[in-house]
Structures are given as C-alpha cells and as structure tokens.
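Chemist: Below are the chains, spelled out letter by letter.
Protein chains: 2
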Amino acid sequence: MSSIVDRLEEEILVLDGAMGTELQKRGLEVGDCPEELNLTHPKILKEIHSSYVKAGSDIIQTNTFGANRLKLAEYNLAHKIEKINQQAVKLATEVAGDDVFISASIGPTGKLLEPLGDLSFQQAYHVFGEQAQILEAAGADLINIETMTDLQEARAALIAVKEKTSLPVIINLTYEENLKTMTGTDPQTAITVFEALGADVIGANCSLGPKKLVEIIKLMGQYTATPLCVQPNAGLPVLNENNETIFPMEALEMANYIPQFIEAGVNIIGGCCGSTPEYINLAKKKVVDITPASRIKKKETTLASRTKRVVISDNLPTRIIGERINPTGREELSHQLADEKMELVAKEASNQVQAGADILDVNVGVPQIDQAQAMKLALNTVHNVVDIPVSIDTTNQEVLEAGLQTIVGKPLINSVTGEEESLNTVLPLAKKYGAAVLGLTLDEDGIPATAQGRLKVAKKILNRAQQLGIKRENVLIDTLTLAASAEQDKVLETIKAIELIKEELGLATVLGVSNISYGLPAREEVNTAFLAMAIQAGLNAPILDPTNKAMQATLKASDLLVNRDLQGQNYLNHYSNQEERKKEEKEEKLETTDSLTKL
Amino acid sequence: MSSIVDRLEEEILVLDGAMGTELQKRGLEVGDCPEELNLTHPKILKEIHSSYVKAGSDIIQTNTFGANRLKLAEYNLAHKIEKINQQAVKLATEVAGDDVFISASIGPTGKLLEPLGDLSFQQAYHVFGEQAQILEAAGADLINIETMTDLQEARAALIAVKEKTSLPVIINLTYEENLKTMTGTDPQTAITVFEALGADVIGANCSLGPKKLVEIIKLMGQYTATPLCVQPNAGLPVLNENNETIFPMEALEMANYIPQFIEAGVNIIGGCCGSTPEYINLAKKKVVDITPASRIKKKETTLASRTKRVVISDNLPTRIIGERINPTGREELSHQLADEKMELVAKEASNQVQAGADILDVNVGVPQIDQAQAMKLALNTVHNVVDIPVSIDTTNQEVLEAGLQTIVGKPLINSVTGEEESLNTVLPLAKKYGAAVLGLTLDEDGIPATAQGRLKVAKKILNRAQQLGIKRENVLIDTLTLAASAEQDKVLETIKAIELIKEELGLATVLGVSNISYGLPAREEVNTAFLAMAIQAGLNAPILDPTNKAMQATLKASDLLVNRDLQGQNYLNHYSNQEERKKEEKEEKLETTDSLTKL
Ligand SMILES: [Zn+2]
Ligand SMILES: [Zn+2]
Ligand SMILES: [Zn+2]
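These protein sequence lines map, in sequence, to chains A and B.
Position in the first sequence (first residue = 1) + 670 = the numbering used here.
Position in the second sequence (first residue = 1) + 670 = the numbering used here.
Hints listed in this document are in silico derivations from the structure and should not be mistaken for laboratory results.
Please note: incorrect hints may appear among the correct ones.
Note that identical chains are pooled: a pair holds if it fits in a single copy or bridges any two copies.
Stated by the list, open to error - Computed cross-link-like contacts, SDA-like style, restricted to lysine to any residue with a CA-CA straight-line distance of at most 25 Å: (1) K724 <-> E885; (2) K760 <-> P712; (3) K1219 <-> T915; (4) K969 <-> V981; (5) K1166 <-> Y795; (6) K1126 <-> N1233; (7) K968 <-> D1159; (8) K888 <-> I916; (9) K967 <-> K1219; (10) K750 <-> P929; (11) K1102 <-> L952; (12) K1102 <-> P907; (13) K1219 <-> P712; (14) K1017 <-> Q1006; (15) K713 <-> S1020; (16) K969 <-> L889; (17) K1166 <-> N913; (18) K713 <-> R1000; (19) K954 <-> S720; (20) K955 <-> R1000; (21) K1172 <-> L1047; (22) K716 <-> K969; (23) K1166 <-> Q1237; (24) K1172 <-> D1159.
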C-alpha cells in the first residue's frame, strides 16, 4: 500500500462518516464514555467500521476521539488509556482489509490552554503525545487531530504527534459562523501555523455543515498547496419530537456539496456528526476517477499570532518589527521584568501596535532574573493586549523554548547564527515548534567584513535549516548593521549583502536599523537614510521603533518608491490620518479653550 | 618630422628664450612696437632665432606675441596684421631648418574681458581667431598662447585657435605670488578648463621666476597627464644703474632649476623675459636623453568656475546642483528676468552657495523674453556674487551658446538628449566651449520604461560625444525622475538605471530629485527617501534645493553611509555648525530679550 500522502496527489480519498451519532443509534447514552465501547462492545464498533468500508471509505477512523488521559479521567478511565486506544486500532484493522487506511482520531482535551485557560502547553503536549504513541504502536496508519476549536491546543497536539510518532498527520479545526474558531483563528492563520509545524493534511471538520465549509475550504485553497481535508457535519443539531439530538441534513443533500469541495481543491472528504454510510457512499461515487484540483504553491514567508497572519514579501509593504520591548538601557523596564510586573510590556506592546508595528520583538534579557518565566509572562501579556505575531529575542536556549511553548501562532526566533552551537540548538527548536528563524550572518570568526562573506554564512544557515526540514521561506537573514562611526567602510557591505541574499537566495531580510548611527549626532537623519537605502536594496522587515515618526515617514515613502505600496495607498492614508489627527487635536484644543473661556 | 605631441611622450623638448629682452638688447626702445621689427629689421629677428637654434632649441617662437589686431591698433598698425604675422613665421622658418618646430606666439589683447572688463567674448574670439588663421596659413607648426593672466581671455584664445586652425596648441598662464593668476585662477582650475577645450600642452610662463614656477608645475603634474610646458623668466625685473629694466637671474642659476622641472613632469622647457641663448643651451644639455616623468592619467569628471574646480566622483561627497535659479512656477523671478533685473538671481545664487551648493543650475526659461540676453546677465551675476561652477539649463541653442561664451570656467550643459536634433546641436557646442554635458536618457520615442532602455540611450549619447572628441568623463547622465504618483512602477527603473550606468559605463550621474513627489502630500519625506536610495545606487550630483534642510540632512547622512564622507567629517561639521548656529540664535534672542527688558 503506497503512502497516503503520495496517493493524495492523484486521488481524492474518502474518509468515513460520523462515529458518535452511529454509536448513539446503536444505544450509546448521553453521559456514557463512547471510547469505553471499544472494550465493552467491540462488535458494534466493527459493525460501524464495516458499514463505512462497504460504503467505500478509503480511510476509516478509530473510536479514539476522546481517548486521551484528560477526557478518560472524566469517566475515571484514565488507567485504561492504553487498552482503549489499542483496542480501537485493532477493531478498525480487523475490518479494514489491505486497501483501507486506519486513521487514529485525536480530539480535544476539553480544557482551555494558557493563557486563555489553565492547561499548560507542556501538560497538553504530554497528553497528546501519550495517546499518539499508543496509537502508532497499535498500528494506526495516520493520525487525525480533529474538532479542535483552539489554535494553541491544536498546536500542542500537532507538535506532540510530530514529535512522538512518525505517522502522517491530518489536523482539522472547527469553525464558527464568522469563519473563525471559537478562540478567534481564521483558516489562513491556522494554515500558516500548521504548515510550519509540518502538518501533512490540513482541514476543517464538524462546524456548521457543508455549505459554510465550502467557503472555508475555498479560502484554504487560496493559501496553501498542502492537501486539504473536509469532514462536514449533517447541518446544525436540532432536537426531534422525542427530545433527541439529531442532525437534520440528509445524505443526498450533503453529497450535493461534494463537487464544490472538489472545485475548492479538497483531497480528503469524510463526514462528521450526523453523516452516514449512505452519504459516504454517495461521496465515494462523486470522487472516483477525479484528480484533485491543482493549487499554486506559494512560498511566502509568514508569521502568525493566534488571530493574524503577516506575510513578509518583496511585493508587500515593508514589515515593522517593533524593538521597544527590550530592557537594554531601560532601567524601569528592567526593574519591572525582574519583579515579574508586565505593565510596561503591555504599554509598549499596545503603543507599538497602534503606531503600526507588524511584529513585536520580545526581549527580556535582564541579567540574573528567571528569564524563562519573564519570557512566558511577557509573551502572554503581549498576547492579551495585541494581536500581532512576535519575534522571540533571546540567545538562551531555555528561555527560547519557554517562549516557543508559550506563544500562540508562528513566531520568529531572533536569532540563530552560523556558529555550530547556535545551529545545533536553535534550528531543532525552530523545526519542532514551527517557528521561522532569523539567521544572523556571523559565525565563530565574527562578522565577515564583506557582503560575500555574509552571504556565505547565510547559505550555511539556510542549508542547515533545510537539512532539518525547515523550509527556505522560514529562514530570514539579518546582514547585521555595524555602527557607521566605528566601521564606515562596512556600511555598504551590509546593504550589498541584502542585495546578494535577495539575488542568490531569495530569502526575506531583517535588519536592526538604529545601530547604524551609534555614537553620531542627529541619529535620526542617519537612521532614515540608512532605512531608505536598505529598503531599496531589498530589506523586508526592519527592526525599529515604530513610534518614531521620522522612521515611519521614511518607511512609508520608501515603500511608495520601491512599489511595495500599490498606488501609494498606505502613504496617502498615513498622511490623511495625520491631517485628520491634527484637525482633531486642533478641534479638541479649541473645545478646551472654549471650556476654559466659559469658566 | 614627426608630430610635436608624439615626440613629447619620449623627449623633453626645448623652446627658445626671451624675444622681448633680446630685441631690447638690439636697440628696441620702450614704446616701439616689437612686432613691427619683423617688417623693418628682419635681420635682427633672424639673428635672435638663429642664436636659439644654435643654443639647441627644438622649437623657436615667432615674434608675434603682440601681433593681434587690438595690440597692433595701439601702434596704428592694425592694417598690417597680415604682413607682420606672415613675415614673423617666414623669418623663423628661414632659420629653423628641418628639425626645429615653429611655434607661433599669441599674447593677450591687453584688455579685460567681460564681466571684469568691456571686451566681449565674441570680440576676443575674433581677434585671436584672425591672428591664428594668419599664422597657420603662413606655416607655423604650432601655436603658443602665452602670458595670459585672465582665464576668460585664455579661454577665448584657446577656443578660437582650436576652432580656426588645426595646429597643436600650448596654453601658458602667468601666475602671481599666491599661485593664482591676476584674476584669481589657480593651476588646477586652469587645467580643468584647458583640458576640456582640447589644449595639447598646458603650462606657465613668465610669472615670478623659476623657483615659484617649480611649485606650479608640480601642482599641475598632480592634476593632469597632459604635456606640461614651462617658460620661466629670469627672476623679477629690476632697474639697473642706467635706469634700464633688467632681469637679474643668470643663465646658470636658472638652469639649476631644470632638474626640478623634469621631476615635476615637464615636457617642454623654454624661457621667458630675460632668459638667454646661454640659458637655453644649458637647459638643452640637461634634458638630452631624459624621458619625461610619467604622470597618472586621472579621468575625473570636473567642472570649474573662474577660481574653483569641482570634482564629481564616486569617492567624493555628493555634489549638490542648486535648482533655485529657475523661473518655473516662480512669478517674481520670471518678472525680474523679463525686466533684466538680477536681484533675485543674485540672492538665490548667494543663498544656495551659503547653504552648500557645489554647482548652480541657471535656467532663464521665461517665454517670450530675450533669453540669450537674460542668460548672459544671469551668468555674469552668478559670476559676480559666488565662485562655483554653473550648469547652463536650456533647450534653446542660441541661449546655450550665449551662456557658453559668457561663462568663465568649465560649465555643465543641461542638457542633451538621445534625439538626433539635440545630439547634433548640443554636442558640438559642448566640444567647442569645453563644457561637460548632461545626457538625459530619452530619445525620439520618449523616456524608455526600463533601466536597460535608458542605459541604451546613455550609450548612444556617450558614443556620439566620444566621436566628436568629448572625453567620457565629460559626459554625465540623468536617468530621469518620474513622478511616483503617476508612474510608481518606474521609480525603481530610474534607480536601477543609475546602477547600470555606473556598472556598464562608469559615468557620473545626475538626477533632479523633487519631481519624484509631484502630486503627493508630505513631499519632503518622499524626496529624502528617494535621495538616499539614489545616492546608494551611485548618484553623484542631485539637482535639488540646497536650502532645504531635510534634503541636506539626508544627503550628509547618505554620504556618511556610502563612505563618500571620510570619517564623517562633513556630517559632523554639518551638525556641529547647526549646534553653534542654534546657540548663537539663542544668545541673540537672550540679548534681544535683555534689551527689551531694559526698555
Ligand atoms: Zn462533528
Ligand atoms: Zn466528528
Ligand atoms: Zn615674460
């Protein structure tokens, strides 16, 4: 049997339909543990599996949706976790035959992860890892993480499954009316996070019935070339005359959506709550001999928060990485970080986003404090006050991993260098946690004097990242700004290095700008000129203070000039907003004056 | 006999010594016309020539120093101009033999040219052209324009000789104690102007004796690879006991300077007032079998005013071409130009130079006025109030030629295009008047959309200029700024075109900057960003408003960044000056306040 992922290139595969509703039909009561039936009523399970195999399923799913330690504990069955999961795979395998894949279902824990809830990333990671390992050992062919409503829980599950097993993984979120998950993630953001984590198939299940899911799959198809999966439910549940929950949509009506899913680019079609073998049979007939719609493989550099996706690209506006959450030379911020107070972090996050930051760099490098804890608190604070992706700025491995576990989304790691120690510690973490990584062009010999030398380090970093399976678009390069006052002859090497990186490697580029003017008077003048030059050379994402008006003005003007700001819309908005703000300020002033006069 | 210019590569040639003092020895009285002796005492002339040939002169000079129409008129001999000059060449030729060159001497008119005096360029041009044509027709091998003390007169003479004859030309200025000519020109500025005009040999004569002339030839040797000539006088004239003017330096003492001249790189050595056949004989002995010192051929783009030379080079600070003398959209300036009033031109010239302009663009394009006259007046005004080179900005051939005749120094012509009509009219004028020329990258088909297209036009302009004998360093290229609001996608083509021009042609580049922001709000922001990008790409000389502080700040910062401002000296000065000015302004304010308080 060839690998499922390979087959998805040529065929649309059919999953099975609902398990839960089929069990209810066969007597499962509300309040029973559905997965306990694997042990108590194996024949029922085999009957259901068999009905789907007969209906034409290429993949059937194990009855393990709630068979994780936390869910089982609700039924006091945590001690049976191994048996329940093993038995589930065994029952499906006995029915499947040689041509049907066994997909092991993994559902949510039922608890919210930090920072929204109490469950830590680490706890969730262990829960999912444990279940996945049992399922793989029992003989599952793939794992389907499904019905996830929270990005962070999905992320913990996906990381655990990828880390603890070598099985292909489908990951399905459940979306609401507004095309977002319960905790606010839209499909394109989810895709950004899951692709970086190495998901083999990405999809949506349950949700609001097939009609809404067509919209979601269409959207996904525009953002990814990764195989897509859809498992619609049979509409929204309603109560029937006997006060039983039923799913209203008939098999035929559901199956009528299949052509739309195919057109949207789907690769695996199954069903969720309320779907039946009849529906699966109709679905199978519609996909036979159909080749999946081809989708364009975009290789964009993307970062994500829980709710927002930021693309870094030569054709798009220059992205600002806000530099202000950094205690270097800032006494009050240092004190607060040491005291684990996050007021200033919150303020800097909010101010920078209001000023136009696209990404926030978070650095908690105060000596002799618990930086891992400070990083966790700072990232959660940032998460709570703003909605943009972050750059985790540390050279400490433990702090970095704490950050990578805490952050919801796809962060940037700032940074890795060409030094062996750095490559060996940072890159595996980037791969594991689905982060993009910023490569600084320096190595054991320091910063190469020439642009060519820095290109060479960039190539080394890229090669090593790719060897680990990190995609090239997830490697960004910083060609390193040296102070013009100290090394004037190297300024142009930094700029030239950006051009070389673009020409030879095509990677996204990052540069801390303000160091250029260290030790000079009128630093802003040098910073703005350097920024314009760097953007012209191909800089995609400067690290700077977004609240600095001169830098913002130069950035907006530069984007207009290098055609990253189509028809100058950002530029014109920037200045019309300023005009409006001035007008408002004036009016406020007048009002204040009026009030004062009246006193 | 091989050409004199060819021989200068291998040999140091010896000119003759004084004519005037030799004639005085033979009875010429003060107040007599020395050149009339050609007709009245031909034997004396032949005797003197003969003495120099015997002493070893490779070149002897005709007795025609004052034989121009204006000088001869002082003796009522203008009607004999042909005979006097013809006879002079004939007498020298009869003595010379086959191995000695006949150099025809041309001296000053004795009148100052405009704007310092009354003699117009055109008058001077005709006077020198007339004499030169007679001398060539009579059989002279070369022409030596000598003892010139005013750059503009020398320029008129050189242009006339090059235009009216096909003889090689030596041009010698006479310098004073401060190493400048009477009207303020230093050797390097003179070289800049004379090289552009195609002088074959450049030098210094008379002046303050050989010691000072060694300094001048040394200086010249650092700035040019053109063959150098020196004809020292025998020290400064003194009165002897008989109340006769004599030159005190002995032949042997003079000849002792010959090794220093050789070391400085001289190619032709002769003598001026007071020098004798004895000195020439000693000189000849010292140069026999000596190869001239080789000098480095610099191919720098240079412009010059009467007293100042401006080099445009990638390694030097970006040069500002001040754009404010231009009536476009400026009513008051238009009115003044129409009324031939030059107050505002003077003010703009002075303000721009004070603000740091290196070159002043002069445009008098008011419709329906006498632009040729306006150009002449404007250039003379600029000449009188400031000392930097100009760019003559007109598309009208007549106005251009008026400007080229008026201007003292080596101007830039703004501009020629790739259009046949423009190439055919502008380039010959640039060649004739020794101007650098700014090529706009457009042709009959308009402005090419791509950088490659603009490079192609630049190549065409360069080729055509070189075919006319204009050196490549005298061709500058403007890759044309289009308004970002109208043609956003072409902005980068302008920048890329600068890079291409640099890479492929190595020419100096010019760009009018502010057009980039036409139609946009906050124009300064776009202008400064564009300026930084263009400088990074290789822009050498932006056309801009030097009184604009933001542009100045960006320019200074950019130069620091691209390493055109070594160790940031200009940048640091710029800001320390600003600090000082602020302090001064503050103090003034305080004083004013003090005064007010006391009232
Ligand atoms: Zn469902
Ligand atoms: Zn389901
Ligand atoms: Zn003399």
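Chemist: Is it within, between, both, or neither for K967 and K1219, if the alpha carbons may be no more than 25 Å apart?
Modeler: neither (38 Å within a copy, 48 Å between copies)
Chemist: When Cα atoms must be at most 25 Å apart, do K969 and V981 count as within-copy, between-copy, both, or neither?
Modeler: within (10 Å within a copy, 48 Å between copies)
Chemist: Indicate which option fits the pair K969, L889 if close means a Cα-Cα distance not exceeding 25 Å: within, between, both or neither.
Modeler: within (17 Å within a copy, 61 Å between copies)
Chemist: How would you classify K1102 and P907 at a CA-CA limit of 25 Å: within, between, both, or neither?
Modeler: The answer is neither: 38 Å in one copy and 93 Å across copies each exceed 25 Å.
Chemist: Measure nothing new, just compare the shortest in-copy and cross-copy C-alpha distances for K750 and P929 to 25 Å and report within, between, both or neither.
Modeler: The answer is neither: 42 Å in one copy and 108 Å across copies each exceed 25 Å.
Chemist: What label fits K724 with E885 when the C-alpha limit is 25 Å: within, between, both, or neither?
Modeler: So K724 and E885 fail the 25 Å test inside a copy (30 Å) and across (107 Å) alike.
Chemist: At most 25 Å between CA atoms: does that hold for K1126 and N1233 within a copy, between copies, both, or neither?
Modeler: between (29 Å within a copy, 24 Å between copies)
Chemist: At 25 Å max between alpha carbons, let me know whether K1219 reaches T915 within a copy, between copies, both or neither.
Modeler: neither (58 Å within a copy, 75 Å between copies)
Chemist: Between K1172 and L1047, at a C-alpha cutoff of 25 Å, which is it: within one copy, between copies, both, or neither?
Modeler: neither (36 Å within a copy, 53 Å between copies)
Chemist: As a check of your reading, is K968 near D1159 (CA-CA no more than 25 Å) within one copy, between copies, both or neither?
Modeler: between (38 Å within a copy, 23 Å between copies)
Chemist: 25 Å Cα cut-off: does K760 pair with P712 within a copy, between copies, both or neither?
Modeler: Within. Shortest intra-copy distance 10 Å satisfies the 25 Å Cα cut-off; inter-copy 131 Å does not.
Chemist: As a check of your reading, is K716 near K969 (CA-CA no more than 25 Å) within one copy, between copies, both or neither?
Modeler: This pair counts as neither: shortest intra-copy Cα distance 43 Å, inter-copy 90 Å.
The structure shown violates the earlier hints numbered 1, 3, 5, 8, 9, 10, 11, 12, 13, 15, 17, 18, 20, 21, 22.
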